[in-house]
Amino acid sequence: MLLGGDREAWRGASLLSISQLDREGVELVMRVADNARTESSLLGGKVLCSLFYEPSTRTACSFLAAMLRLGGGTMSLHESTSSAVKGESFEDTIRTVSCYSDVVVLRHPTPGAPRRASEITKTPIINAGDGTGEHPTQALLDVYTLIREIGGIDGKTIALVGDLKHGRTAHSLAKILRLYDVALLFVSPPGLEMPGTQEVVSLEEAVRVADAIYVTRIQRERFEDPGQYDSLKGSYKVDAALMATAKPKCAVLHPLPRVDEISTDFDDDPRAAYFRQMENGMYVRMALLTLILSPPSK
Amino acid sequence: MLLGGDREAWRGASLLSISQLDREGVELVMRVADNARTESSLLGGKVLCSLFYEPSTRTACSFLAAMLRLGGGTMSLHESTSSAVKGESFEDTIRTVSCYSDVVVLRHPTPGAPRRASEITKTPIINAGDGTGEHPTQALLDVYTLIREIGGIDGKTIALVGDLKHGRTAHSLAKILRLYDVALLFVSPPGLEMPGTQEVVSLEEAVRVADAIYVTRIQRERFEDPGQYDSLKGSYKVDAALMATAKPKCAVLHPLPRVDEISTDFDDDPRAAYFRQMENGMYVRMALLTLILSPPSK
Amino acid sequence: MLLGGDREAWRGASLLSISQLDREGVELVMRVADNARTESSLLGGKVLCSLFYEPSTRTACSFLAAMLRLGGGTMSLHESTSSAVKGESFEDTIRTVSCYSDVVVLRHPTPGAPRRASEITKTPIINAGDGTGEHPTQALLDVYTLIREIGGIDGKTIALVGDLKHGRTAHSLAKILRLYDVALLFVSPPGLEMPGTQEVVSLEEAVRVADAIYVTRIQRERFEDPGQYDSLKGSYKVDAALMATAKPKCAVLHPLPRVDEISTDFDDDPRAAYFRQMENGMYVRMALLTLILSPPSK
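Chains as they are written, first to last, in UniProt numbering: chain H, 1 to 298; chain R, 1 to 298; chain P, 1 to 298.
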C-alpha cells in the first residue's frame, strides 16, 4: 500500500518497504517526528509486540521506548528467550502475537518475512529489518537526521561509504534519497560497489566535497581472504585528521554499532551526528507508531 | 474461596481452581469479558508479575497484553532468564514478587504450587497452569469461546477429543461444563480415557452429532511404544474432509499449539474457532484482572 | 553533586554514592517514600531502563515496580539476554540506553562504573550496586526501614552482623548511620571486621542490647578454608531461641536473599522486619524516581 501525505492511508497500515513511501509520505513522517520531540501521551492501552528472530538491541529498544513515551504498553518475544519463537510455525507465531497486539515490530533473517506476516494478519506489521532485504525505519531516521543536520536534502551532496554491495541500510537510504534532488557519491572497496553503479570516488575526495557522509561497517565475514579485509578497513576510516579536510558543517552519520570505521577521536566534534542520529530513531519510530495507531482526530 | 456472581467476593481473591466458581461466577466472567472487548483503562499504576517456572508463551503473552490494555504495568520473571526463579526457595521468591505486585500470575510444574503461594502472601495469585493440576483461566476462555461460537452451552452436545487421561485442559473444561445442561462426548485412544468415565465414541460419530468439538494434543511422550503413538495420531486428525460430515455450524476449538491434530486445510473454514479462541483468552484475562484488581465502583 | 533537603538539587541528578547525601537529603527521601505508599501516577510517558551487568532480581524488580506504580514505562537490558550488553563498548552501550531513557538504573561488577556512566551522558544514572563499591539505594531503604521499625535512629543502638569486611551493604549503611547520633555494634568473624574499627562484640551480647540487628550473609567464597566457613556460619545464626534474649521491640533486618543466617522459625515473629524491608525498597525507589524525574510543581 502507498503511504503518502494523507494520514488516513497510514492508519492501520503495515510498513514493509521504503518503496511504499513517496516524498510526501517521507515528509509527513518528518513533521510528525518533529512533533514527537515534545509530544504527550496518545496511545494509552495500546500494545506493541516486538518479535525479533535475531538480536538488535538498538532497534528493539528504540521501538520499545517510542511506544512507552506515547503511553502505550510493550511485550517482547526474542529468539533467545521465547520457546514460541523457536518451536512454533512462523504462521502460528504471527497469529498469536498479532491477536494480542495492536502492532507487531518484526525482525527476521529471511527477506520477505514481514510481507508474509502482513498477509497472515490484519494487525499492522513494521519491518525492523529482514536480512538482506530492507530496514525502512532505519532509512527514515537517516533521512530525518540528514534534514536536521544539514538543513534539507535538495541540492546537497551526500557520500555513502563502506560495503555498499551487501549493506541493506545503504540500499534503503539510497532509494529514499532518490526522491530528492541530491548528488550521491559512492565510496566502496573493489567488489563491494553499490549495485547498478560503477562510479566510485575515493574517501578523501568524497570527504572534501560532501555535505554529509554516511559511513557503514565493512563486515569481515563478507571476505574470503581476511588479509584483504585488514588491508581495506584502514583505508575507510573516518577520523579527526581526515575530517579536517571536510566542509566545516559536513555531518557524519553511522547506523551503529561501529567497529572502527569512525575513530572515537572524532566523537566530540560537533559534526559527529551519529549519537543524535540514534536518538532521532526514537522520534521517527514515535512518528510511525502515531501515524499507524492513533485514532482519527475529531 | 467461592467466586460467584457477587463482584465483592472477587476483589483481591486468588484464582486457584475452576472449582471455586459456580455458574453465576462463570457468567460474571463472561459478561465482564464482553465489556473488555471495548473497555478503556482501569488499572493505571497497578503491577502484574508473571512468574513462569516453565515456558508458555501464549498464556504469558495474553496475560501481559490483558494487563497492558487495562492500563496497568507488567514485570516478567521466567525460568530461563531469572536467577531468583532458579536459585531461591519458592517461598522467598513468592514473598519477593508478591510484595512488588498487585497480582502474581504463576505457572509451575508442581500441582498445588499456586495454592501454596496463596498461603504465603495476601497478594492475589492466578493459577496459569500447575503441571497435571489445573489451568482455570484456560477453561474459562474455552467456555467463553463456546458460548460466543454456538450461542450458549445449555442443550448442546460437545465432544472432547484427544488424550483425556492426562490433559488438564480437558479436565478443567469438563468440570466447568458440568455446571451446564450439556451432553459431553469423549473421544480418546484406549488407555487415555477421561477418568471416571468409560463411554467413548468414535471421532467420526462425535463429529456427526456435536455442536462443538474440542481437540487437544495427544502427547508423544505419554507413550512407551512410539509405534502405538504413530498409529493413533492419524486416527484423531480433524481435517476439511472429516468436517464435511459435521453440522454446518459445528465449532472446532483447540487450546494451541497444535501439532497436526487439526489440518491447516481447515484453517479458513468459518467453523475453525481456534484462532478466535486464542484472542478470547485475552478478553477473559482482562475480565479476571478487572474483577480481582479494580477498586469498588462508587 | 550534593543531594540535600532542597528538591531542586535532585531533579535530573545521578545517585552514585551515599556520600552525596547529607542528613536533610536522607530525610527528604524518607518523607517522599512515605508519600509513595499512597501516591498516584506522576511519571506517565517517562522511561526507565534497567541495565544489569550481573543478576539481581530483587533490586531490578523493585525498581521496575516502582516506575510502573508511578505510571512510567520500563525497559530491561540484562547480561543474560542482551547482545549489546555482551558485545559493545560500555561507553557506547551507555550512550544507547541513555538516549532512549529518562533514567538508567545500572548494576555493574566494577566499582566506579556508574560514575563513569554519569560522565558519558546527561541522563541521570542510579547506582544499583557496583561490585565492592556502593549500593546507595539499599542503604536508603535500610535506614527507611529502621526509622519505621524502631521509631527513629537518634539515640538507638544498632548491631551490624556478618562479613563486615567485604559487605558493601554494611559499609554504605554504616556511612549513612553516622549522619545520626547512633551507637553501632559490630559482630563479625575474625578477619572479616568492618574496616577502620577493631571493636567487635559477640552476637549474644549484641542481641541483648540492640534496638535493631542488621544481618548480612557470610559468603562462602570469601574463605580459603571451607572448614573455617562451616565453623563460623553456625555461630552467626539468628533464630527464635536467640531472639528470646533480645529486647521486645528489637527489629531484625536483612538485605536478602538469606542463606541460613536467619532461621525461618523466626519469620512469623513481629520483630522479623526483613520482608517489610523488601517492600520498603519499592517505596524508597519510588521516592528516588519521583525526586529525580518529576517536573517542577507549579
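The hints are simulated quantities; they were obtained by calculation from the structure and are not laboratory data. Since we're looking at a predicted model, the values are computed, not measured. Where hints are given, some of them may not hold.
Treat identical chains as interchangeable: a pair holds within one or across any two.
In silico DSBU-like pairs for lysine-lysine, Cα to Cα no more than 35 Å straight-line [to be verified]:
id, residue 1, residue 2
1, Lys233, Lys122
2, Lys249, Lys237
3, Lys175, Lys249
4, Lys122, Lys156
5, Lys237, Lys122
6, Lys249, Lys122
Verification of the hints:
1. Lys233 <-> Lys122: Between. Shortest inter-copy distance 33 Å satisfies the 35 Å Cα cut-off; intra-copy 45 Å does not.
2. Lys249 <-> Lys237: Only inside one copy: Lys249 and Lys237 sit 19 Å apart there, 67 Å across copies, limit 35 Å.
3. Lys175 <-> Lys249: Within one copy only: 24 Å inside, 50 Å across.
4. Lys122 <-> Lys156: between (40 Å within a copy, 33 Å between copies)
5. Lys237 <-> Lys122: between (45 Å within a copy, 28 Å between copies)
6. Lys249 <-> Lys122: Cα proximity of Lys249 and Lys122: across copies only (24 Å, versus 45 Å in one copy).
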